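**Student:** Here is what each chain is made of, one letter per residue.
2 protein chains.
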Amino acid sequence: MKKPGLGTDADLYLQRGVSARKPDVQRAIANIDPGLFPGAFCKAIPDYLAGSPEHCVLMHSDGAGTKSSLAYVQYCRTGDARVFRDIAQDSLVMNLDDLLCVGATGPFLVSNTIGRNLKRIPGEAIKALIEGYEMFADKLAPYGVDLRPCGGETADLGDLVRTIIADSCITVRMRRDEFIDASKVKPGHVIVGMASAGQATYEDKLNSGAGTNGFTALRHSLFGAEVKAEFPESFAPEISDVAYLGSHRPDDPLPGCSMTLIEACLCPTRTYAPIVLRILASCRPAISAIFHNTGGGQTKCLGFGSDVHYVKENLMPLPPLFAHVRTVSGMKDRELLQVFNMGHRVEVVCDPGVADEVIGVARSFEVDAQIIGRVESGSGRSLTIAFDGSRLEFVAD
Amino acid sequence: MKKPGLGTDADLYLQRGVSARKPDVQRAIANIDPGLFPGAFCKAIPDYLAGSPEHCVLMHSDGAGTKSSLAYVQYCRTGDARVFRDIAQDSLVMNLDDLLCVGATGPFLVSNTIGRNLKRIPGEAIKALIEGYEMFADKLAPYGVDLRPCGGETADLGDLVRTIIADSCITVRMRRDEFIDASKVKPGHVIVGMASAGQATYEDKLNSGAGTNGFTALRHSLFGAEVKAEFPESFAPEISDVAYLGSHRPDDPLPGCSMTLIEACLCPTRTYAPIVLRILASCRPAISAIFHNTGGGQTKCLGFGSDVHYVKENLMPLPPLFAHVRTVSGMKDRELLQVFNMGHRVEVVCDPGVADEVIGVARSFEVDAQIIGRVESGSGRSLTIAFDGSRLEFVAD
Numbered sequence: 018m019k020k021p022g023l024g025t026d027a028d029l030y031l032q033r034g035v036s037a038r039k040p041d042v043q044r045a046i047a048n049i050d051p052g053l054f055p056g057a058f059c060k061a062i063p064d065y066l067a068g069s070p071e072h073c074v075l076m077h078s079d080g081a082g083t084k085s086s087l088a089y090v091q092y093c094r095t096g097d098a099r100v101f102r103d104i105a106q107d108s109l110v111m112n113l114d115d116l117l118c119v120g121a122t123g124p125f126l127v128s129n130t131i132g133r134n135l136k137r138i139p140g141e142a143i144k145a146l147i148e149g150y151e152m153f154a155d156k157l158a159p160y161g162v163d164l165r166p167c168g169g170e171t172a173d174l175g176d177l178v179r180t181i182i183a184d185s186c187i188t189v190r191m192r193r194d195e196f197i198d199a200s201k202v203k204p205g206h207v208i209v210g211m212a213s214a215g216q217a218t219y220e221d222k223l224n225s226g227a228g229t230n231g232f233t234a235l236r237h238s239l240f241g242a243e244v245k246a247e248f249p250e251s252f253a254p255e256i257s258d259v260a261y262l263g264s265h266r267p268d269d270p271l272p273g274c275s276m277t278l279i280e281a282c283l284c285p286t287r288t289y290a291p292i293v294l295r296i297l298a299s300c301r302p303a304i305s306a307i308f309h310n311t312g313g314g315q316t317k318c319l320g321f322g323s324d325v326h327y328v329k330e331n332l333m334p335l336p337p338l339f340a341h342v343r344t345v346s347g348m349k350d351r352e353l354l355q356v357f358n359m360g361h362r363v364e365v366v367c368d369p370g371v372a373d374e375v376i377g378v379a380r381s382f383e384v385d386a387q388i389i390g391r392v393e394s395g396s397g398r399s400l401t402i403a404f405d406g407s408r409l410e411f412v413a414d
Numbered sequence: 018m019k020k021p022g023l024g025t026d027a028d029l030y031l032q033r034g035v036s037a038r039k040p041d042v043q044r045a046i047a048n049i050d051p052g053l054f055p056g057a058f059c060k061a062i063p064d065y066l067a068g069s070p071e072h073c074v075l076m077h078s079d080g081a082g083t084k085s086s087l088a089y090v091q092y093c094r095t096g097d098a099r100v101f102r103d104i105a106q107d108s109l110v111m112n113l114d115d116l117l118c119v120g121a122t123g124p125f126l127v128s129n130t131i132g133r134n135l136k137r138i139p140g141e142a143i144k145a146l147i148e149g150y151e152m153f154a155d156k157l158a159p160y161g162v163d164l165r166p167c168g169g170e171t172a173d174l175g176d177l178v179r180t181i182i183a184d185s186c187i188t189v190r191m192r193r194d195e196f197i198d199a200s201k202v203k204p205g206h207v208i209v210g211m212a213s214a215g216q217a218t219y220e221d222k223l224n225s226g227a228g229t230n231g232f233t234a235l236r237h238s239l240f241g242a243e244v245k246a247e248f249p250e251s252f253a254p255e256i257s258d259v260a261y262l263g264s265h266r267p268d269d270p271l272p273g274c275s276m277t278l279i280e281a282c283l284c285p286t287r288t289y290a291p292i293v294l295r296i297l298a299s300c301r302p303a304i305s306a307i308f309h310n311t312g313g314g315q316t317k318c319l320g321f322g323s324d325v326h327y328v329k330e331n332l333m334p335l336p337p338l339f340a341h342v343r344t345v346s347g348m349k350d351r352e353l354l355q356v357f358n359m360g361h362r363v364e365v366v367c368d369p370g371v372a373d374e375v376i377g378v379a380r381s382f383e384v385d386a387q388i389i390g391r392v393e394s395g396s397g398r399s400l401t402i403a404f405d406g407s408r409l410e411f412v413a414d
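Sequences listed follow chains A and B, in order.
Going by our numbering, the final residue of the first sequence carries number 414, and the count climbs one at a time with no gaps.
Going by our numbering, the final residue of the second sequence carries number 414, and the count climbs one at a time with no gaps.
Hints are computed from structural coordinates only; laboratory data are not their basis.
No experiment lies behind these values; they were computed from the predicted model shown.
A hint or two may mislead.
Since the list gives no way to pick out one identical chain from another, each pair is judged satisfied if it fits inside one copy or across any two copies.
As the list claims (entries may be wrong) - Think about it this way: if two alpha-carbon atoms lie no more than 25 Å apart in a straight line, the pair counts; the simulated SDA-like pairs of lysine to any residue are: (1) K201 to D368; (2) K201 to C274; (3) K245 to D258; (4) K39 to A98; (5) K144 to M333; (6) K201 to G161; (7) K245 to E330; (8) K245 to S257; (9) K39 to E148.
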């Protein structure tokens, strides 16, 4: 039999081995029980653990994705394993901030799964990664974010893993009557966006806003032949003809920013947990949805609600990293908006009457926030984004 | 900087990129909080979810390891994606049966994480894998094994994953006074082993006993140049000189068995959940430990207890798969015993007075069981295994 899936594809993202919407995965899970709140941002199931009819439980799995491949490159270049501490944060925040979207406030129980190629990843890298989990939990504790590490597994999987893969799972229990069900997102509500770039009071360095999504596009459109030649283990040989097509070296400066390109790419994914916990404490009944703009970027909201038209006419300024990718990648604005967070990674959809309070909480943590749009009544699910003088229209599948 | 970890190693297993004892990982986690029961088979933490002082919670992560690489080979050869259903079982049982060892009885909440190379793994494989999770849960439900799928994540990670990786996480809550703490394993108790091969009443086909551990050794000592040439994506290029050194083709018959070699290797990991749940219901107070012989194989017990000497003088017959590996691999008995389950994968350490009952429960499910050894008082932790006329001695690090 011919080996599967080796055909050619028109789309560069797909050519690089990433299916942005994963339609085949969507079909694969089409018949799976959707849980207590079908169409919510995360799946919740009855409280099988403690048996309370008033509670529900969520388990959420995700990881740092191919960002760890770039961390590996930087580790080899600098010899500094601490780069993997930030990968631990990436892996955690991809779960934690999704769970914030349904109103979960913790405690958050964390398990981690590390797969490594022992020939490439020595113990000091694993140590840094595991330290990263603990340090991130310690850093957030003063803000009421209760992360409880429950152990994990580190497996030597060189025949499967080219370098290192860092996944996490979080379990949380919450009251059903506090669950924020994005399937019921309300027309008339406004969308408050919270900046992905900058430096929050709970962060110890400036953040480029990179996040964890879009790293296949990011790496291969920024970096070029030098990285490709020196680190063939950092990409799939099947995509060699579309790998590292950029013109940059890792230490090139990011225009408009004090960071190098690779530093900007490797900024850890910001968590919004300290902010969202405080917002939930005071404004929960006035919030109809919270979106975490991960896979799908600015179009994430299209997966939620019925008969709604999202209008985003007032996006935040484009952070230098995404502005530069826009300049050099050849990606169209439409694609950029579907891949990257483009400046704000969390959206609180709320009654206009609490928008100022929501914005105020974010700003009290020195995270910029503003009303970036609104939810209107519509037919099906659609989205309009005003971007750099153009209006882009998106419709849900 | 020189890239890390590319030196040469004496040990073939290490040369193939697997550190059997993972000393660097042990050091990396040395300072991590050990939870409520230090030295137990699984880490338990206080019931942060529901806040009951009488309960504890466990999260457990593991996966199918490099067995999925061999499943990929078989999928390409046959075109039948159903081979991935069994990989889902492997991934689940690596967690479920570990949790049985501390006396957890469920409900077991399951999350799965799939990482794939989209260029190699199409949607039908993902579908089969996700179906496998659901089917396994359905199959065990009549036996009181309550597995609750909570969703998961499928990520396109070709730059990290050569083919496909299938990990799972299980969360369970249990009473603290029912926790089986292997650190207190009792001298005077006997060790009942339960066969890994055969066909249990709750299984629909004969099982070779393969399990999920030792697959790097298994694949590379059985299969040869044909697999290597046709499926270079199934092994790490860094280990090319020690990859697929066997003499077999996948469809060669396994001597003493009706299966082909690759079929025998790909038998799904048997769960002992139906058996152990019944044993726990009637014999729990008489059980001082349960061991799941995964990484470390027959020496797994060496990680548990204080001042104990394990004596295993009556192992079960060696299943044909391991007998053949012993013949063709060039691995010494000492190494085989440290890598493979060698015939029984779960050990119940119990008062001699209940051994017959424990054995009887296993046999009622048509899983062979017998007293394979005993626990004596000792100094530190040591293990004697009588194997094929020799006595092998092992001492804990």
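**Student:** Could you figure out if K144 and M333 sit no more than 25 Å apart (CA to CA) within one copy, between two copies, both or neither?
**Tutor:** This pair counts as neither: shortest intra-copy Cα distance 37 Å, inter-copy 39 Å.
**Student:** Between K39 and E148, at a C-alpha cutoff of 25 Å, which is it: within one copy, between copies, both, or neither?
**Tutor:** So K39 and E148 pass the 25 Å test across copies only (17 Å; inside, 33 Å).
**Student:** At most 25 Å between CA atoms: does that hold for K245 and S257 within a copy, between copies, both, or neither?
**Tutor:** Classified as both; 9 Å inside a copy, 21 Å across copies.
**Student:** If the cut is 25 Å between Cα atoms, do K201 and D368 qualify within a copy, between copies, both or neither?
**Tutor:** Within. Shortest intra-copy distance 13 Å satisfies the 25 Å Cα cut-off; inter-copy 57 Å does not.
**Student:** How would you classify K245 and E330 at a CA-CA limit of 25 Å: within, between, both, or neither?
**Tutor:** neither (39 Å within a copy, 55 Å between copies)
**Student:** Reference check for the pair K201 and G161, CA-CA at most 25 Å: within, between, both, or neither?
**Tutor:** neither (28 Å within a copy, 36 Å between copies)
**Student:** At most 25 Å between CA atoms: does that hold for K39 and A98 within a copy, between copies, both, or neither?
**Tutor:** between (33 Å within a copy, 18 Å between copies)
**Student:** Can you give me the call for K245 and D258, within, between, both or neither, at a CA distance of at most 25 Å?
**Tutor:** Both ways: K245 and D258 sit 11 Å apart in one copy and 24 Å across, limit 25 Å.
**Student:** If the cutoff is 25 Å on CA atoms, where do K201 and C274 land: within, between, both or neither? Let me know, please.
**Tutor:** neither (40 Å within a copy, 58 Å between copies)
Checked against the numbered hints above, the structure violates hints 2, 5, 6 and 7; every other hint is satisfied.
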